[in-house]
Amino acid sequence: MPKVFYTQPHGSERVIDAAAGDSVMSTAVTNGVTGIVGQCGGTLSCATCHVYLAEDDLKYFDPPTEDEDDLLDCTASDREDTSRLSCQLILREGVDVHVTVPDEQA
Amino acid sequence: MSRPDDNGGGTGDPPLGVAVVGASHAAVHLADRLRAGGYTGALTLIGGEPHLPYQRPPLSKAWLKGDGSATSLVLRAENHYADNGIELLSGTVAEKADRDGDGVILQLRRADGSRETRSFDRLVLATGARARRLEIPGSDHRDVLVLRELDDARRLAERIGCGPVVVIGGGFIGLEVAATLRGLGAEVTVVEAGPRPMGRAVGSGTADFLLAAHAEMGVDIALAAEPTEIVVAGDRIRGVRLADGREIPAATVLVGVGAEPRTELAEQLGLECDRGVVVDEQCLASDGRTLAIGDCTIQVSRSGGRVRLESVDNAIEQANAAAATILGHDVPQRPAPWFWSDQGSWKLQIVGLVDENADVVIRSDIGKPQRRVTLYFAEDALIAAECVNAPADFVAVRSALARGVRPSRDELADNGVALKKLLAALG
Chain A
1 MPKVFYTQPH GSERVIDAAA GDSVMSTAVT NGVTGIVGQC GGTLSCATCH VYLAEDDLKY
61 FDPPTEDEDD LLDCTASDRE DTSRLSCQLI LREGVDVHVT VPDEQA
Chain B
107 MSRPDDNGGG TGDPPLGVAV VGASHAAVHL ADRLRAGGYT GALTLIGGEP HLPYQRPPLS
167 KAWLKGDGSA TSLVLRAENH YADNGIELLS GTVAEKADRD GDGVILQLRR ADGSRETRSF
227 DRLVLATGAR ARRLEIPGSD HRDVLVLREL DDARRLAERI GCGPVVVIGG GFIGLEVAAT
287 LRGLGAEVTV VEAGPRPMGR AVGSGTADFL LAAHAEMGVD IALAAEPTEI VVAGDRIRGV
347 RLADGREIPA ATVLVGVGAE PRTELAEQLG LECDRGVVVD EQCLASDGRT LAIGDCTIQV
407 SRSGGRVRLE SVDNAIEQAN AAAATILGHD VPQRPAPWFW SDQGSWKLQI VGLVDENADV
467 VIRSDIGKPQ RRVTLYFAED ALIAAECVNA PADFVAVRSA LARGVRPSRD ELADNGVALK
527 KLLAALG
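So the sequences go chain by chain: A and B. Each residue of the first sequence is one higher than the last, beginning at 1 in our numbering. Each residue of the second sequence is one higher than the last, beginning at 107 in our numbering.
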């Protein structure tokens, strides 16, 4: 069962036991993790599930598609090299993921 | 909590708390916002459906396509409610509401038929809307369906592979279902009364653009067409008869002709209703005490106009406003409303409300013929945008409007420069 580690901007952390096949966004939303909104439900429509992915975890995911890349330019908090939309980060068995939630989403 | 030495005339009694009728997207968001804002009183969500609160938008799209189970629709995991002191009464219908001083008494009917009377300090109506039915001969047939709730979607999913489908109504839901079913191989015809689809929701250019998209997908759309009868042969539907005499073959009919707000409880409480529960910007109803949020409402804006919106964005923004009102905080000014509709692989996103008299700038990209952005201007300031397959442009406009950036037509006319670059340069 993959674990997701969510760190808030002020440093507090929540660890959720997730299901492979779910996204980092849906795992956060269904468990009420603060700061990840995911208003469109994961259809690349809203850019409200922005996270900073831990550098060591970048290798587990394909790079952003063109649409995700475009949307990342328009997030409420500044884009960094590790920025991803968490609805596009699909969890796999045996891979734990660490993300930091930005200050603002919408 | 009440303590034995507490003799303050009842002020030490435990709070009766807030009741939210309708366990919807708006209700769940409100509950979370109240807890995040420090509300420690009792909090009860009362929902008529037997399911955990879930997302409705995927019902016409990903869920219908079979991309997800009911679990993936769930808004919050089951333990989230208990963990946050939220009492969730699923399968429970609030049949009647009566005033009790500043509070309210609700008569509840549980799924097993048992009844209970409960008192609350404060009532929030999140009762949503019901699908409008069609009143023509044959429309009571069991294979004439609507799509509003998970159980509706399950009935529709059971009809996949059972022959041609006619969708009555070319609005968002009708077109989304048509595209999804077509993608699954069904023969689909959309019957729309108006001269173009999505008549009330989008401009004519965007509507025509998406009409062409549906033609490409192989969805037939009959415009200016009035259905007069669901033709039934034996115990099966055979087709849909139109006013011009044509009969379109159908084994299943989906009616998507709009929704009617559920205002029964509001009316029992004597609250003003006008195509919805009338609320102000704080989401207070006409008694200044009861709140209402989401699809059941019609909101009076600062300019005095009445706006009825049915969208996830509206549910969330009104939940934010209602939470602020209950917590005694100022209600922040609301950003421009936004909507989305995924129709097959075509993604329509709208931000802002379009004025009939607005001026228009079209931005297209020869290299991307499926992309089209329509910008609307009032008094030469940007007010709204309709974006087809252009999510970055949509987010850029939404964010500019939220920042108060209102560029002129000339400032956004250069098709050669990405909209997000033009807008970012303006502040």
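Check the hints yourself; a few may be wrong.
Claimed, not checked - Under the rule of at most 30 Å between Cα atoms (straight-line distance), these lysine-lysine pairs were calculated in the DSSO-like manner:
#1 B/K171 / A/K3
#2 B/K171 / B/K527
#3 A/K59 / B/K526
#4 A/K3 / A/K59
#5 B/K526 / B/K474
#6 B/K474 / B/K527
Everything labelled a hint here was simulated from the structure, so no lab data went into it.
Going through the hints against the structure:
{"no.": "1", "hint": "B/K171 / A/K3", "in the structure": "holds, 28 Å"}
{"no.": "2", "hint": "B/K171 / B/K527", "in the structure": "violated, 36 Å"}
{"no.": "3", "hint": "A/K59 / B/K526", "in the structure": "holds, 29 Å"}
{"no.": "4", "hint": "A/K3 / A/K59", "in the structure": "holds, 16 Å"}
{"no.": "5", "hint": "B/K526 / B/K474", "in the structure": "holds, 17 Å"}
{"no.": "6", "hint": "B/K474 / B/K527", "in the structure": "holds, 18 Å"}
When each numbered hint is compared with the structure, a violation occurs for hint 2 only.
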